[in-house]
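Fit chain W to the given chain G structure using the hints.
Read off the chains here:
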Amino acid sequence: MPQPFTELTAVAAVLLRDNIDTDAIIPSREIRAVAKTGLADGLFANWRYLPGEGRTPDPGFALNDPEFRGARILIAGENFGCGSSREQAVWALAEYGFRALLTPSFSPIFQRNCVRNGVLPACLARHAIAQLAEWVSADPQRHRPSVSLVTQRVAAGARSWPFEIAADAREALLSGLGEIEQTLRFNDRIAAFQAADRLRRPWAYDLGPATPGSHRESE
Amino acid sequence: MPATLFEKIWNEHLIADTSGGGLLLLDRIFLHERTGGVALQSLRQSGHRVANPAHVFATMDHVIDTRPGSRNPGAADRAGNPFIEVTRREARAAGIHLFDTDDPRQGIVHVIGPELGIVLPGLTLVCPDSHTGTQGAIGALAWGIGSSDAEHALATQTLRIPKPKTLRVFIDGTLQAGVTAKDLALHLIGMHGASGARGFVVEFAGPAVRRLDLEARMTLCNMATELSAFAAIIAPDEQTFAYLRGRPFAPPGERFERAASQWQELRSDPDARFDLEIHLDASEVRPMITWGTNPQDALPIDGSVPDYQAVSGRLSRQAYERALSYMGLEQGRALAGLPIDGAFIGACTNSRLSDLRRAAALLKGRRVAPGVRAICVPGSTQVKRLAEAEGLASVFERAGFEWRESGCSMCFFAGGESFAPGQRVVSSTNRNFEGRQGPQTRTHLASPETVAASAIAGHIADPRTGQR
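Here the protein sequences line up with chains G and W, keeping their order. Numbering follows our numbering, in which position 77 of the first sequence is assigned residue number 77; successive positions increment by one, without gaps. Numbering follows our numbering, in which position 365 of the second sequence is assigned residue number 365; successive positions increment by one, without gaps.
Isolated chain G, as found in the complex (with noise of 0.2 Å):
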């Protein structure tokens, strides 16, 4: 179950890259186990580490700058989370403490991962993009963004800007409600739906020879 999402004052870290994929959030090879946790060390792996075996941090990589430390805002470029749909760059972003991504654009799939996870993928405009990187970047450990999803906006110092999310992400990340409870509470309508379904589409439900009497079973 998500944790709800109102506002969050905390500190940014920034890696203005466009078209970061999940590859790169986290390469296949760091998924490891069949479980949503144990992914954090391998969050941006190829980047983060220098190649070669062992993980010695890669002092070039944004998230290993100590000026990041404890960053749970990341601020990123157009096209965030685009490629595989492995809800484990979320689960991995997740784990390492971040609770809002800060892009001019996310991968549909992603953003949608995102919010199953009470992680607030939020949109804002390139230039204001821009110029938040460059006021967190400035001294990232004071210069700390507030996001509020109550107001739909991102305050830095004395400036704020507007972000974008989808309604129905909005009100899930709010509330932090589990998706499956909500929508089993229409478990009557759906079977209602279903059943005249049938009739309209009996094809639909009729799975063919390879399993005999399928389209009857099921009924």
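Wrong hints could be hidden among the right ones.
Going by beta-carbon spacing under 7 Å, a handful of chain G positions derived as facing chain W [as the list claims (entries may be wrong)]: (1) N19; (2) N79; (3) S84; (4) T183.
Worth flagging that the hints you see were computed from the coordinates, not collected in a lab. What you are looking at is a predicted structure, and each value in this text was computed from that prediction instead of being measured. In this text, a Cβ means the ideal position worked out from N, Cα and C, and glycines have one as well.
Only chain W this time, still in chain G's reference frame:
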């Protein structure tokens, strides 16, 4: 009111409106071991049940070993075994259909969905895999989701989604000989960029699309993912019905014909309005190849690495330089003629029988250049069997290709096998991201024909001539 194909399917599945979207009924749910097992496990642990097991299918494709003769053990790397084991255990416990490692129906999810008739026109289908839109080629609304959404889908047989906008890509003209659906897709992505269809469901239409066979349509829809499309779809026609007749999970006999008569309605009305329309002339498309680390970095095969000016609308200077350095290229370098170390034919993009036939036609009686590691991985166990029966396998093997068991294999680096750091690979897959095929591996995306021609030449080569 006139409606698009997408709107017809949306309306038929809409249980309730939600803010900005709808709660939709799902007809089929597909899972694979990499992201599906964790969803089934988490669902059970949270005390929920699979609502409709007869409509849920699981296959082993992502981490399964594809080395010849490797079928039974499981994963390519021991680290992958738990994914196979958990998926097997959870699938059995949930009572869903399972195509296990030794099942003759096993294969890449987006290859076997159509091959087994699991996806049908007008259905909704979801899978925790980004290339699920591939199956829209049949005329279904098929889209990729995450694992949490998969849990929701399994527990409720529904999903809440924001309503996408509609984009029609109308393609007329005729593809030149040696130019394929893959080239068409790379051309489109090159023109419109990695975010070109964000928020849209893409309908491919027009005479050039009608002329594509079903497998080529799947290739086209597969690559719409790299435009950030929500989904891709092609209206079903007689070709679609002929393709589906007799498939094991499709309705048989007269029941199929009754369904097909309903499927005739599945087309956008002539005066339906799309939120956006794009026109394309297929005759202008040439064989394509990528130079960078995103599918949008696509150029005709006789092209050269662009200067920064040419891509500045899309890439920052830093991203451009990073891509060049990763790929080991410099501005102005001709792409044809670049020496290669690897050639890969496979993946949900281009691993079907017709793909293998076209590649084999170029390979027949020829040899892969010395020093090039060439690999062919059929998209399903059935494709493999059929290819062996008609002699394609021996063409690949005699040419010097490794002929493998089916699976996703080296399309991505799952901790098992990979090409070596710094190696240059021409690949029929769909992603050329940094590290995708192995740490520091340099991937150039192309059609199976271009991969075959390049493997023979030892460098990136035009499949129409085999020359630079």
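Each hint, compared with the structure:
Checking N19/G against chain W: minimum C-beta separation of about 5 Å stays under 7 Å; hint holds. At its closest, the beta carbon of N79/G sits 5 Å from a beta carbon of chain W; the interface hint therefore holds under the 7 Å criterion. Hint status for S84/G relative to chain W: holds, with the closest Cβ pair at about 6 Å, below 7 Å. Residue-level restraint check for T183/G holds (minimum Cβ-Cβ distance to chain W is 5 Å; threshold 7 Å).
Hint compliance for this structure: every hint is met.
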